[in-house]
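> Read off the chains here:
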Amino acid sequence: MSGISQEDVAHLAHLARIDIPTDELGHYAKQLDAILNAVAEVSSLDTADVVAMSHPVPMTNVFREDTPGVSLTAEQALSGAPAVEDGRFRVPRILDEE
Amino acid sequence: MSDLIKKDASELAGMVASREVSAVEVAQAHLDRIAAVDGAVNAFLHVDTEGALASASAVDAKVKAGEQLSVLAGVPLGLKDILATNGLPTTCGSRVLDGWIPPYDATVVTKLREAGIVILGKTNMDEFAMGSSTEHSAFGPTHNPWDLERIPGGSGGGSSACVSAFEAPLAIGTDTGGSIRQPAAVTGSVGVKPTYGGVSRYGIVALASSLDQAGPCARNVLDTALLHSVIAGHDPMDSTSINSPVPDVIAAAKRADIKGMKVGVIKELGGEGYQAGVRTRFDESVALIESLGAEVVEVSCPSFPAALAAYYLILPSEASSNLAKFDGIRFGNRVGDDGSKSVEQVMSETRAAGFGPEVTRRIILGTYALSAGYYDAYYGQAQKVRTLIKQDFDASFAKVDVLISPTAPTTAFKIGEKLDDPLAMYLNDVATIPVNMAGLPGMSLPIGLAPEDNLPVGLQIIAPAMADDRLYNVGAAIERELLTKWGGPILGLAPELAGA
Amino acid sequence: MTEATMNYDEAISKFDPVLGLEVHVELGTNTKMFCGCSTVFGAAPNTQVCPVCLGLPGALPTLNKIGVESAIRIGLALNCEIAEWCRFARKNYFYPDMPKNFQTSQYDEPIAFEGYLDVEIDTDEGRKTFRVPIERAHMEEDTGKNSHVGGATGRIHGADYSLVDYNRAGIPLIEIVTKPITGTGKYAPEVAKAYVAALRDILRGLGVSDVKMEQGSLRCDVNLSLRETPESKLGTRSETKNVNSLRSVERAVRYEVTRHAARLAAGEQIVQETRHWHEDTGISTSGRPKSDAEDYRYFPEPDLLPIAPSREWVEELRAALPENPAVRRARLVADWGLSEIDMNTVINSGALDLIVEAVDAGVDPAAARKWWTGELARIANDRAIELEELPVLPSHLKRLEELIAAGSLNDKLARQALEGVIAGEGDVDAIVAARGLAVVSDDGPLLAAIDEALAADPAVVETIKSGKLAAAGSVVGAVMKATRGQADAARVRELLFEKLGVSE
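Chains as they are written, first to last, in my numbering: chain V, 1 to 98; chain L, 1 to 500; chain S, 1 to 504.
Heads up, a few of these hints could be off.
[Said to hold, decoys possible] No more than 25 Å apart at the CA atoms, straight line, and that leaves these computed lysine-lysine pairs for DSS-like:
#	chain 1	residue 1	chain 2	residue 2
1	L	Lys341	S	Lys145
2	S	Lys65	S	Lys91
3	L	Lys485	L	Lys259
4	L	Lys418	V	Lys30
5	S	Lys145	S	Lys241
Rather than coming from a laboratory, the hints here were simulated on the basis of the structure.
Throw the hints in and build the complete structure from the sequences for me.
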């Protein structure tokens with residue numbers, strides 16, 4: 001179930017937007033491989049008829065009324081931003097629209 | 001050294017309320033203690049002297065005005081640096097958040113402030129709560145007050161260390177796989193992970209949303225219960241918050257009577273892999289529980305051996321998504337923005353520079369486990385194991401009132417010992433993880449020192465969901481006997497810290 | 001960048017088109033899907049944000065009940081089944097307009113699924129109904145808005161940097177996805193347009209959205225593929241994004257048919273990709289290839305609990321659904337005795353609901369239609385506001401019609417009274433009294449005014465007497481002017497002829 005290569009790590013790092021230096025990919029690959037071998041233990045149990053559990057509390061239908069609450073001011077909203085211009089968050093150029 | 005710092009939280013609250021001492025004096029005594037010993041312990045990332053003294057003097061003003069005070073008004077507290085604090089830095093032990101000041105308070109923080117609890121500062125932690133030793137903090141490790149060369153547990157090592165080093169009588173931790181209980185165990189303090197949904201998660205920076213839970217840390221069971229009662233309760237800002245009355249944990253801590261109760265020892269959590277001294281103290285506790293009139297039986301939870309594996313799939317998966325927001329756009333640091341690079345490149349450089357190796361490892365692992373083609377085999381399968389774990393607990397609680405095990409397989413290990421061996425590090429949480437997987441409440445209670453290294457050992461007590469009060473009843477009953485046996489709190493046996 | 005195309009008729013003679021439509025509708029809730037921030041359009045940047053919709057560390061979502069209710073109502077109106085249990089999922093991808101770098105959406109458990117919508121189009125054989133199969137309608141959240149600075153055109157390419165406003169982030173969206181629509185043949189563009197139009201009418205009728213395509217509250221992505229014959233397996237599709245007017249939907253389908261056909265005929269592959277639609281030139285250009293590691297790593301959203309709408313709730317919502325717009329239209333055409341063309345005029349003017357309200361209040365349908373598509377439409381147009389924004393109530397029109405029927409107001413006076421209503425001068429009777437609006441019913445003042453008018457133009461007397469009755473118009477006009485419109489013109493004419501001894 002495992003067997004993770006440097007190329008895999010590079011691809012995953014791209015998906016996760018972490019710029020891992022090329023010379024560290026091998027180290028991560030080795031560690032991840034070891035971890036994946038260990039977590040393969042999850043397949044040791046028979047789960048054929050078992051329902052997956054996504055939430056530990058057995059509640060449903062938790063709703064909020066559609067009444068406005070308190071928003072931040074623009075100043076508060078922008079207060080932690082690394083770059084701001086014209087009441088907006090300034091970001092480096094975007095390559096292509098999603 | 002002021003003797004105020006050795007007092008219990010309940011005692012301090014009483015003294016403040018009766019004007020025997022002012023809240024400002026109490027706060028100052030603890031700030032002095034921090035100034036004296038925290039250079040060696042490194043429990044605090046940020047000490048808020050001004051804020052602490054201001055909230056203490058607000059309590060004093062209320063006392064003077066004869067206003068009704070909450071049970072812990074005027075008592076100082078260390079706050080894990082994973083809870084958002086309006087106007088106070090919140091780093092999660094990470095470079096990526098260095099300098100970030102949230103514009104809002106976590107619900108738990110609001111409750112603490114409303115209760116007149118004096119927040120001394122923010123405590124150290126493994127980066128984004130990923131770790132069992134606090135060595136993964138970007139701001140240096142915290143040291144165990146019992147032996148400064150050893151780890152104080154993790155991820156909430158700062159919270160457990162500040163309590164056991166008498167820097168604060170109370171602390172807030174968060175527990176995703178044992179981050180309150182394991183640090184409590186290795187520092188000789190008490191820590192409780194409440195039922196999932198018992199304490200609001202709003203404003204607590206998420207590690208694994210379906211596992212995280214904040215809880216109280218203190219030096220005895222009653223103080224822990226008092227703090228639990230302050231922070232628990234329904235919060236409409238957290239959809240997973242349980243909307244039913246908080247179990248009466250204070251009454252339970254005062255009851256301390258386990259006669260006629262049934263206590264289950266989990267067969268799978270003990271034995272091989274557990275340090276001899278841990279097993280010795282655990283076996284003594286079993287005998288003690290029986291001597292108090294409870295019946296002890298062995299129960300089997302056959303899926304537990306797979307819990308660690310399932311946890312290390314669920315946690316990284318959820319974390320990989322929760323930590324995506326740290327991209328240097330809306331808050332925090334940005335790296336590499338020289339005007340020529342694309343936003344994608346800048347995000348990637350920001351995250352690479354901001355995250356330490358353990359966080360990177362887990363994000364990559366989670367990204368892998370959620371990927372198309374692997375989801376069913378990893379994340380999906382782990383969630384099924386989660387169901388089996390819950391079923392094991394359900395079956396056990398059909399037979400017994402509470403379950404017990406050692407909290408951690410070993411006492412505190414040396415700083416650096418397991419740092420480059422993630423798998424060995426992960427094994428610290430083998431006994432605490434199943435509790436998070438099922439969303440149950442669990443306590444770690446000090447039960448003595450391991451004979452071979454004279455370091456604290458913790459007993460884990462587990463109760464069914466929303467039966468948190470049982471933890472306190474059982475914990476207080478055992479604690480009372482042990483205090484008699486030891487002739488005082490176990491932390492009295494810890495070495496005095498230099499500088500104090 | 002212009003690509004080769006094939007003549008449409010030729011393309012259709014060679015290939016069978018298969019359509020797919022994805023429509024995103026922004027709900028008109030008061031607050032966002034997962035937090036209490038306002039959704040009002042046009043606020044100053046980053047003023048309708050909070051820790052939740054800004055994705056600040058520690059914040060958690062809470063689910064808007066009306067958002068869920070609207071999704072269920074939309075599902076029901078589209079003949080869908082409503083899930084007994086479903087969850088939100090996280091769709092993970094990085095983009096600066098997405099605060100959390102994941103979108104809270106639904107994945108394999110949509111709240112509504114397996115529905116259909118019947119649409120009518122004109123064909124060579126007359127009007128024909130097509131059934132558009134609906135795969136799902138699911139809930140999700142909108143993104144923030146990027147604006148691009150620098151570069152030549154303010155577009156994304158060539159920009160130096162971008163600015164992000166998160167006011168829109170977290171506004172509830174319902175995504176409605178069709179199954180592959182087959183069997184349209186050459187009518188694919190018309191079916192696509194008719195579907196989006198019908199969907200828009202339904203959404204408007206439900207009152208869940210203002211469905212303004214130009215403001216982006218209704219957005220359409222057009223998927224198209226071609227195959228050799230209806231029996232062949234589905235071809236590779238392209239996805240044209242943000243086709244944001246009904247006309248463009250039709251054009252985009254037509255364009256993609258001609259583009260695909262040219263490629264296929266030349267033996268080239270269709271690239272599975274997203275394409276950008278250009279309203280100005282009527283063509284699409286290549287965007288991002290779909291194959292670019294599009295791995296969204298969906299998993300159930302742990303911060304939101306499952307939704308399990310009770311069957312009682314669903315049935316309650318079903319019972320309260322408004323009439324399907326197409327059915328309603330047919331009924332009103334019959335009830336009001338209108339032609340299809342008249343009805344189109346009414347619908348296009350946006351006055352249908354206002355007219356229905358007036359008719360329900362007892363106003364004659366013809367009169368209600370005359371007021372709302374005539375005088376009131378003119379006033380709204382002059383003021384550049386929507387008809388709904390005029391402060392005219394059904395009760396106002398009803399009273400005006402009563403006064404006209406009683407002969408105490410004429411059309412001109414009624415219009416003056418209406419001006420008073422719009423100016424906020426009170427109810428109709430109060431305005432009539434305050435402005436002194438009443439048809440002059442006493443003949444005395446009229447006769448005096450006639451005498452004055454004749455004295456001012458003595459020659460007209462002989463002209464009328466000589467039989468040129470049309471000349472009476474100038475006298476009547478003068479009298480109306482003198483009485484400030486309060487005379488009954490027919491009576492003035494009567495009195496004039498009587499006086500001159502002329503009979504009509």
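> Next, verify each hint and record whether it holds.
Checked hints:
Restraint check for L/Lys341 and S/Lys145: the C-alpha separation of about 21 Å stays at or below 25 Å, so the hint holds. A hinted pair counts as satisfied when its Cα atoms are at most 25 Å apart, and S/Lys65 with S/Lys91 qualifies at roughly 22 Å. Distance hint between L/Lys485 and L/Lys259 is fulfilled; the C-alpha atoms sit about 19 Å from each other, no more than 25 Å. The hinted pair formed by L/Lys418 and V/Lys30 meets the criterion: a straight-line CA distance of about 17 Å does not exceed 25 Å.
Note on S/Lys145 and S/Lys241: the hinted pairing holds, with a Cα-Cα distance of about 16 Å set against a maximum of 25 Å.
Figure legend: structure checked against the earlier numbered hints; every hint is met.
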